[in-house]
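Undergrad: Sequence:
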Amino acid sequence: MPRDEVAKNQRERLFGAMVAAVSSKGYEETTVADVLELSGVSRSAFYEHFRDKEQCFLATFEGISEQAMKLVKEELEKADGDGSWEGRARRALERTLQTIVNEGAAARLCFDGIYTAGEPGRKALERALDEFEGVVAETVAQVHGEKLPKEMVCGLVGGAQAVVQVQLRRGQEDALPELGEDLLEWALSYRPPPVKLRLAGRRPRPEDGGPPPFVAYSQAERIIRALAACAKERGYPAVTIAEIAARASISQATFYSHFADKDDALLAALDSAAAQMLGVVMPASRRAPDWPHSVRAAIGALCAFGAAEPDLACLAAVESYAAGPLILDERDRTLETIRSLLTPGYELSPETKPLVADAVVGAVWGLVYQKICKDGPRSLPEVAPLASYMALAPFVGAEQAAEVANGDGRAG
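Residue numbers for the sequence shown follow my numbering, so the first one is 642 and each next one is one higher.
No lab work stands behind these hints, which were simulated from the structure alone. In this text, all values refer to a predicted model and were calculated from it rather than measured experimentally. Check each hint, because a few of them may be wrong.
Restricting the straight-line Cα-Cα distance to at most 20 Å, the calculated cross-link-like pairs of lysine to aspartate or glutamate (EDC-like) are [stated by the list, open to error]:
#, residue 1, residue 2
1, 649, 693
2, 711, 779
3, 791, 971
4, 903, 874
5, 903, 971
6, 666, 753
7, 791, 822
8, 764, 678
9, 719, 707
10, 764, 689
11, 714, 703
12, 649, 689
13, 711, 669
14, 994, 779
15, 714, 771
16, 711, 653
17, 791, 779
18, 1015, 772
19, 694, 670
20, 719, 735
21, 711, 735
22, 903, 669
23, 994, 727
24, 666, 874
25, 666, 678
26, 649, 716
27, 714, 695
28, 791, 774
29, 764, 727
30, 711, 744
31, 714, 772
Have a look at the derived ranges for each label pair, beta carbon to beta carbon [claimed, not checked]:
#, residue 1, residue 2, range
32, 988, 742, 56 to 64 Å
33, 1020, 786, 30 to 38 Å
34, 832, 644, 52 to 60 Å
35, 875, 995, 51 to 59 Å
36, 674, 988, 55 to 63 Å
37, 788, 898, 51 to 59 Å
38, 832, 647, 48 to 56 Å
39, 788, 672, 43 to 51 Å
40, 646, 785, 41 to 49 Å
Backbone N, C-alpha and C define an ideal beta-carbon position, used for all residues, glycine too.
Work out the full structure: start from the sequences and follow the hints.
TA: So this is what it looks like as C-alpha cells:
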C-alpha cells in the first residue's frame, strides 16, 4: 500500500488496540506493550506516530470524538421527513445513542476513561465538549428561534452526559435508545430565563478559608485535606503518597496506619466531604418555606460549601473523575441524596418524566464542574441562580423557576 495508507492503517489499529486495552485494564495499567500486542504494530512504528502512551491515548479519544461529531452533523444537515430541526435533532440523538450501544468500549473511554489521563485528558475533553456545545446551541436556537445562554447549554450537555455515564457504569447502555425521546424532550423544554438572574452571595476572600479546628486533632482528617490540596494543585493521578504525607506533616508509615493506599484515602476524603456538605445542604433545604425554595436553598448551600472548602470541592467535583468508576460509584451515592430532593417536584408536575431528575442533577453538577474548572471553586456561589433555574424549570415552569432562583432571604 502507499505509505500514507500504511500509516493510516497503523494508526487505526493502534486506536482500536488502545480502546481494547483501556477497557480491559484501565488507562494507568495499560502499557505500550499491551497496545503493540493487540494492534500487531511494531514498536518502531508506534514511536513514529506517537511520543508515548499518553499521546496515543489522547489521539484515540480525539479520533473517536471527531467521528462522533461528524455523525451528529450528518444527521443535522439532512432534511428528511418534515425537515424540521426538532426531527433532525431527534435523529442525531437516536443515532448517537445507538452508536454508544454498538461501541460500548469506545464510549466508556470517552465518557469516563478520558478523565484518568489527568489534566491533559480533561483539556482534551473540554475541547470536544466546547465543539459539541456549539452544535447543541445552534440546534436549540433553530428549534425555538432564540438562543440559550452559553451556561445553560453547558448544563444541557452536562445532563445528557450524566445520563449516559450512569447507564455505562451500570452496564445498561442497551437502555439508552429508549431514553432518547425523554432526554430530547427535557433538553428542548428549556427557554432562556424570562428575567435576568441576579448573582448570589460573594466570593470569599482567601483569608476566609482554612480547615475547621477539629482537623488539627485528627491525623486522618489532616491526610484527607492534604490529599485534597495536592490534587487541586497537581491533579489526582500525579499525586504521590510521599507528597500527601509531607503536606500533612506526618510520616508515610503514619499514612499507611490509616489508609491502605491513595484510592483508599480518596474514598475517605469523598465520604468526609459528602458528610460535611450534606450537613450544610439538608438543614438549609428543610428550613425553606416550600419545595421550590428548598431546592434553591439546597443548591445555594452546596455552592457556598464549595466556595468555603475549595480543596474538597475540587476533589469531589473534578478530580474524583480521574480515579475510575469504583470511586465514582461512591461519589454518586451522594448525588443520589441530592436527587432525592427533587422527588416532591413530581407531585407538582406528575407528567414530568422520571429521567428528568437524573438529567437535572447532571446539569447542576456539570455547571459546578465547569465553574470550578473555569473560575475556581470560590466562584461557585455565582452559578447558584442558574443551577436553581435549570433544576426547577421542568417542574414549575420558567416564570416561577426564575423568581425562586433570584432568591429572597428565606432561599439562601
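Undergrad: Taking only the CA atoms, is the gap from residue 711 to residue 735 under or equal to 20 Å?
TA: Status holds; Cα separation ~14 Å.
Undergrad: Holds or violated: residue 714 and residue 695, Cα atoms, limit 20 Å.
TA: 28 Å, violated
Undergrad: Straight-line Cα separation of residue 694 and residue 670 no greater than 20 Å?
TA: 11 Å, holds
Undergrad: Going straight from one Cα to the other, do residue 764 and residue 678 come out at no more than 20 Å?
TA: Not satisfied, since the Cα-Cα distance of roughly 29 Å exceeds 20 Å.
Undergrad: Honestly, do residue 1020 and residue 786 meet the 30 to 38 Å range at C-beta?
TA: 32 Å, holds
Undergrad: Holds or violated: residue 791 with residue 822, Cα cutoff 20 Å?
TA: Measuring from Cα to Cα gives roughly 23 Å; hence the hint is violated.
Undergrad: For the pair supplied as a hint, residue 649 and residue 716, confirm whether the alpha-carbon distance does not exceed 20 Å.
TA: Given that 20 Å is the threshold and the Cα spacing comes to 26 Å, the pair is violated.
Undergrad: Residue 666 and residue 874: Cα distance at most 20 Å?
TA: 27 Å, violated
Undergrad: That 43 to 51 Å hint for residue 788 and residue 672 (C-beta), does it hold up?
TA: 47 Å, holds
Undergrad: Take a quick look at whether residue 714 and residue 772 sit within 20 Å of each other, Cα to Cα.
TA: 11 Å, holds
Undergrad: So if I understand the rule, the pair passes when the alpha-carbon distance is 20 Å or less; does residue 649 with residue 693 pass?
TA: 18 Å, holds
Undergrad: Starting from the hint 51 to 59 Å, judge whether the C-beta atoms of residue 875 and residue 995 obey it.
TA: This hint is violated: roughly 40 Å between Cβ atoms.
The structure shown violates the earlier hints numbered 3, 7, 8, 10, 13, 14, 24, 26, 27, 29, 32, 35.
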